[in-house]
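Student: Sequence:
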Amino acid sequence: MDAIIKTFAPLAIKEVTAYLSKKSTSPTTELAKAAAEGNTNVVKSILSQDHQIDLAPALVAAASAGKMEVLDILIDPPRRSRSENSRHKEKIERTDVNVWSQHITPLIAAVQTHHVKTTELLLEAGADTSMAPEGGETVLHIAARMGDLEMVKLLVEFEADLEARDGWGNTPLLSASIWGHPHTIKFLLGKGADIEARDLKGSTALLLACRHDCVGAVKVLINSGANVRVRDKKGRSALHRAIAGVDFIEGINAKVKEDMVRMLINAGADPRVRDNEGKRPGDMVGFLRGGDRVKRLLKPGSAPHSRERTPAHSRHGSRTGSPYTDGSRNSHDISRGARRDQNLSPLAGDVVDGYDRD
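With UniProt numbering applied, the sequence shown covers 1 to 358.
These are computed hints drawn from the structure, not numbers from a lab. Everything numeric in this text was worked out from a predicted model, so none of it was measured. None of the hints are false.
Mimicking EDC-like on lysine to aspartate or glutamate, the simulated pairs with C-alpha atoms at most 20 Å apart in a straight line are:
| id | residue 1 | residue 2 |
| --- | --- | --- |
| 1 | K234 | E277 |
| 2 | K44 | E69 |
| 3 | K153 | D194 |
| 4 | K219 | E258 |
| 5 | K299 | D270 |
| 6 | K44 | D96 |
| 7 | K219 | D270 |
| 8 | K191 | E150 |
| 9 | K117 | D96 |
| 10 | K153 | E163 |
| 11 | K191 | D161 |
| 12 | K201 | D275 |
| 13 | K255 | D292 |
| 14 | K219 | D259 |
| 15 | K191 | E159 |
| 16 | K44 | D76 |
| 17 | K44 | E30 |
| 18 | K255 | D283 |
| 19 | K191 | E157 |
| 20 | K279 | D292 |
| 21 | K299 | D259 |
| 22 | K117 | D128 |
| 23 | K33 | D72 |
| 24 | K153 | D128 |
| 25 | K233 | D270 |
| 26 | K191 | E163 |
| 27 | K117 | D76 |
| 28 | K201 | E277 |
| 29 | K117 | E69 |
| 30 | K219 | D194 |
| 31 | K295 | D270 |
| 32 | K153 | E124 |
| 33 | K117 | E159 |
| 34 | K295 | D275 |
| 35 | K201 | E163 |
| 36 | K299 | D283 |
Here are the simulated distance ranges between beta carbons:
| id | residue 1 | residue 2 | range |
| --- | --- | --- | --- |
| 37 | E196 | N276 | 19 to 29 Å |
| 38 | E157 | G278 | 41 to 51 Å |
| 39 | D96 | G278 | 49 to 59 Å |
| 40 | N276 | R94 | 52 to 62 Å |
Beta carbons: idealized from backbone N, C-alpha and C, even for Gly.
Construct all of the structure, not just a fragment, from the sequences and the given hints.
Tutor: Here it is, written out as structure tokens:
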């Protein structure tokens, strides 16, 4: 994860301060440059000379770089103490932190660069957790997607919407499931996230975790009562998605598929179910390297404890509820996540190459 952070932070800062490379000496440009560098003296000097200056670029630049002292200067009057009970009462006049610059807000900039304290400062100053680029992610989506559990907890504390939707219909729980962050998934479920929420293609968190070969996420979702017999709009079950997952073409080690199939069958998944094209899960096993063991598991009665099982969603009546990432991803999940992160833009609204469009 350290490698990802080292890649993400410079990219985010570069995006929000890209215009600084232009040959401009405007006060707005100079203020943003000073904010990104954390030069409080220059920031104070510029503000004392021009009270009508556009603060948005400077706010985003400071948030991206985690320059809290600069943000304290830009936000006027100073932020309230978090211990006050008047957070939701009428606010006194202050700098509006809900502004856009280079397609992101200061809060989005702080969250996607893992600056928890900076995020807290902005939230206390009135930052809106629901703001997102058109068709893009909210800050809770971003934190859940990155597996930044500390950030997720902070955003939920400030009443971020657990059921907010991005352009693909994903809730934060669905985003965490796609990217394989079991601790984040467990926390969101414990706070009341809908375990059966569906994206635009009818996929639930369990279907997406199976699709993206996230064994740890699949285990948490099953243990939390996810419906193992759910189907998407194409009639595909969790077993279909587990076998023909995102790493299907790459020839993923069949052991990963085997683990997921065994968990699903033991929880009550039906290997005989057909999708809208009439295919059973076992029909795709022949394309899997080392898939013989998986094929044997799909034979009726072959999986341990698979007979007359009650589906997991009927057995479980309740949900259970650092460093940046979730800690319990298996080695395959980590390599898969690192491979995908290379395709991610730091802009929250960008479409990720290779996203599950099937």
